[in-house]
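These protein sequence lines map, in sequence, to chains A and B. For the first sequence, position 4 matches number 4 in our numbering, and the numbering has no gaps at all. For the second sequence, position 4 matches number 4 in our numbering, and the numbering has no gaps at all.
Keep in mind that the hints were calculated from the coordinates and are not lab data. Fair warning: this is a prediction, and the values are worked out from it, not measured in the lab. Check before you lean on any hint, since a few could be wrong.
[Unchecked claim] Examples of chain B residues toward chain A, derived with CB under 8 angstroms:
#	residue
1	E41
2	L43
3	F45
4	Y48
5	I55
6	P61
7	F65
8	S66
9	D86
10	A89
11	F91
12	Y102
13	F106
14	G109
15	T113
Where is the CB? At the ideal position from N, CA and C, for every residue including glycine.
One-letter residues, chain by chain:
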Amino acid sequence: AQTVTQSQPEMSVQEAETVTLSCTYDTSENNYYLFWYKQPPSRQMILVIRQEAYKQQNATENRFSVNFQKAAKSFSLKISDSQLGDTAMYFCAFMKPHFGNEKLTFGTGTRLTIIP
Amino acid sequence: NAGVMQNPRHLVRRRGQEARLRCSPMKGHSHVYWYRQLPEEGLKFMVYLQKENIIDESGMPKERFSAEFPKEGPSILRIQQVVRGDSAAYFCASSTSGGASYEQYFGPGTRLTVT
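Chain A on its own, in the form it takes in the complex (with noise of 0.2 angstroms):
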């Protein structure tokens, strides 16, 4: 089974600066997905950023990146200029499909703080 780490349960950081949030994940499968999700307080679930494990390419989605090392089994989230609003909980998660199913594994959060 699969399975995925946060190990950071909270961070802050101050408004216009870089924060880079940590996820590591364990698995057999060569090929799968990868996703950073954001819950703000209103808790509804926002895809921030999604890579493929067979792009060698680092997916960018305006101020949010990652950093995929598939070897090392490590998807960071890097968000520049951060703002207030990228204030929420941050869940790293593993999708492998498989004749249609596409669970996801999360990760247990980490809380991220914008000070203004």
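Start from chain A and add chain B according to the hints.
Relative to chain A, chain B alone:
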């Protein structure tokens, strides 16, 4: 196109009562996933359904919990004889079949409180 809808948003039940949680997937989505989030924890997969079929219920507790996704109407997660440990946020997510993006769209969740 309306997003994934869940109701109720908040549900309070006394121990021993039944809880019914509803999820209407996005239009055109035929796959529904239910996840449970205990306080201060991540989301944990419970069950994966397609129309009229339970595909994977490996995360569902063996007793008191059941799920369905009928041909017409929303998906229902049913918890019988609730206990305090069932207090959690329950999220459903929907997706298309084999979508290229593999993105699941989440509903706002139902927060269940058992008193």
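A quick look at each hint next to the structure:
1. E41: 6 angstroms, holds
2. L43: Nearest chain A Cβ about 5 angstroms off; hint holds.
3. F45: 5 angstroms, holds
4. Y48: 6 angstroms, holds
5. I55: 6 angstroms, holds
6. P61: With a minimum Cβ separation of about 16 angstroms from chain A (threshold 8 angstroms), the hint on P61(B) is violated.
7. F65: 16 angstroms, violated
8. S66: 18 angstroms, violated
9. D86: With a minimum Cβ separation of about 18 angstroms from chain A (threshold 8 angstroms), the hint on D86(B) is violated.
10. A89: 6 angstroms, holds
11. F91: 6 angstroms, holds
12. Y102: Status holds, d = 5 angstroms.
13. F106: 4 angstroms, holds
14. G109: The hint holds - G109(B) has a Cβ within 8 angstroms of chain A, the shortest such distance being about 5 angstroms.
15. T113: Hint on T113(B): violated, closest Cβ of chain A at ~14 angstroms, above 8 angstroms.
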